[in-house]
Amino acid sequence: MSSVAALTPLQIGVSTLTTGLTLGALYALIAVGLTMVYGMMRILHIAHAAILVVGAYAGFYTWSALGSFWLALPVAMLVGGLVNVTVYLALFRWIADEEPLIPLIASIGLFVAMSDGYRILFGAYSKNFAPSFAFGSPIPAFTTPQFVVIVLTVVLFAAVYVLVAYTRVGLAWQVTAQDREIAGAIGINVRRIMALNFFVGGALAGAAGALVGMYYGDVSPYMGDTWAYKTFIIIVLGGMGSIPGTVIAAFILGLFETSIIAQWGFALPRDAIAFLLMIAVLMFKPEGLLGGEGSSLRRYLQDLFGESSEPETVEEVT
Amino acid sequence: MVSFTPDYMITLITIGTIYALAATSLNFITGYAGLVSIGHAAFLAVGAYTEAILLLKYNVPFEIAFPASILMGAILGALLGLPSLRVSDDFLAVATIGINFIVVGALQFSDFFGGTLGLSVETPRVLGVALEDTVFMLFALAMLAIGMGVSWWLQRSWAGLALAALREDPQAAESVGISTARFKIIAFTISGAFAGMAGALLAHYFGFITPGTFGFLLSVDILVFAVFGGLGTIWGPVVGAYFLYILPQFLRTFQDYRVILYGLVLMFIIVVEPDGLMGLYRRASDWWSDRHAEPTAGETA
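Top to bottom, those sequences are chains A and B. Be aware that the first sequence starts at 1, since it is given in our numbering, and climbs by one per residue. Be aware that the second sequence starts at 1001, since it is given in our numbering, and climbs by one per residue.
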């Protein structure tokens, strides 16, 4: 705290902003995968944070073996995506249409089993994950790790946008999100699209795992716990299933938390802030920040890609 | 090999009974009202800390502190029931995890509650008789019997039927005039009361409580017990708790793998047999009676 006191209020403000944006970017990367699963299947995928941890370990081991963060990141994404697809194929595929209680409880069990599995496989203690970068941050306000987190988040979201908006697979994805039965009837392999949904969400979580590990400097079996809980709050705030709502809520929470901590120190636990924010929003707007009629993925896709991009993509298919 | 002295058996049965009571209390919400709570340890924490604070800091006798702990649990239950009226089941699951984090966080940050170091709790005395060892075990069993009695009553009462209707089809239930709000709050309040009771018992049994005891993992344990035994039944949570708590103590390496095994059990049982052990029992007894019915049918033909 003494080093903070030496800074001017402006510097504190700027560092709060950059830290908040970085935290928001990490929240967004994790929460979007969760919201994609919820939007398509109405399943609250509690074990999503365990995908983050497996990505973090994949990134860590790649980095320790090869010494490069830029190899660690794609490996983390690949592993995160594949593990998440496995979760879909082995578990959620079979219980997607059961009453909501069953997938919810099953995914709690899976989350607990996976977290403890990491402890048994990789050891209970945290491992030091501190890759160095050959370049500095071009924007002085950001530290290099913060810059890396934010740039990569933007790049990954842009890639997902291009995938959904401009490819055949993306079109099939849009149709499936709108109506699973219609999608099946017009010859879309719904199961494959679902698997893709889990792969993309898992890859984002894997990337987030590598970034979280890099940013905080270590990986540990239970590193996913608080992220799990925060991302649930974020998708609730974002309106359960809305991708833009989730991204906005992620940044709001990141900035809100860091500014409150900068203002009052750690007197109030950070987890409590997120929770109180959620209760406040739920009391006044139970459908989430961007909720209401537009809370579903379907409405989001209509809004985002609706009139302008639909004719183009239809041409591609025919 | 663990030696099974009578003292050790009393320990196992006492803790098993307290867990059975906790699982029974969760069953009121998850089994009867169909709402998942992943933060049930928060209710136990409230009961345990109420008990500890009243005894330790205010020298309140056990006869008053124990009902007070139950009352505090019930109050928290009613409060948590309130947002459940406005939000869907999935939101509620998130809210219950949140309650667990907040309660543990608040206890850790507060010196009044002993912070991370926790509080010590003395042996309870009723009319000068110390509730220890066998007596305490019997006391816990009596409390469990009350919990199961309320469970039995709730299943057969108007409230239980209303809850069953709400679980099966909330909209249809509302259309015939069942108030979702009222019965959800009733389920939460009863659940909170018995969870508070289980927390107070646990505090006395351990003689020492820390916030860490009441974390997310305890919530998961309680959920595993209830689901494994069978949600929505009177005996399910009790059988599940005894079975999963006592039986694995016979395995030496169990403690190392307890969490992963509980996680896998939770996942498999809910997918394969959502009605848990009680569901398996029902199936087995049906199969048995079918098998015995057939030969007699064959003989007469």
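Hints are supplied without guarantee of correctness; some may be wrong.
To be verified - Pairwise CB distance ranges, derived in the manner of DEER restraints:
{"#": "1", "chain 1": "B", "residue 1": "1128", "chain 2": "A", "residue 2": "128", "range": "51 to 61 Å"}
{"#": "2", "chain 1": "A", "residue 1": "133", "chain 2": "B", "residue 2": "1106", "range": "33 to 43 Å"}
{"#": "3", "chain 1": "B", "residue 1": "1248", "chain 2": "A", "residue 2": "71", "range": "36 to 46 Å"}
{"#": "4", "chain 1": "A", "residue 1": "97", "chain 2": "B", "residue 2": "1153", "range": "31 to 41 Å"}
{"#": "5", "chain 1": "B", "residue 1": "1008", "chain 2": "A", "residue 2": "189", "range": "50 to 60 Å"}
{"#": "6", "chain 1": "A", "residue 1": "217", "chain 2": "B", "residue 2": "1115", "range": "38 to 48 Å"}
{"#": "7", "chain 1": "A", "residue 1": "97", "chain 2": "B", "residue 2": "1288", "range": "30 to 40 Å"}
Everything labelled a hint here was simulated from the structure, so no lab data went into it. All C-beta atoms, glycine included, are put in the ideal place defined by N, C-alpha and C.
Right, here's what the structure says about each hint:
no.: 1; hint: B/1128 <-> A/128: 51 to 61 Å; in the structure: holds, 58 Å
no.: 2; hint: A/133 <-> B/1106: 33 to 43 Å; in the structure: holds, 40 Å
no.: 3; hint: B/1248 <-> A/71: 36 to 46 Å; in the structure: holds, 42 Å
no.: 4; hint: A/97 <-> B/1153: 31 to 41 Å; in the structure: holds, 34 Å
no.: 5; hint: B/1008 <-> A/189: 50 to 60 Å; in the structure: holds, 57 Å
no.: 6; hint: A/217 <-> B/1115: 38 to 48 Å; in the structure: violated, 27 Å
no.: 7; hint: A/97 <-> B/1288: 30 to 40 Å; in the structure: holds, 31 Å
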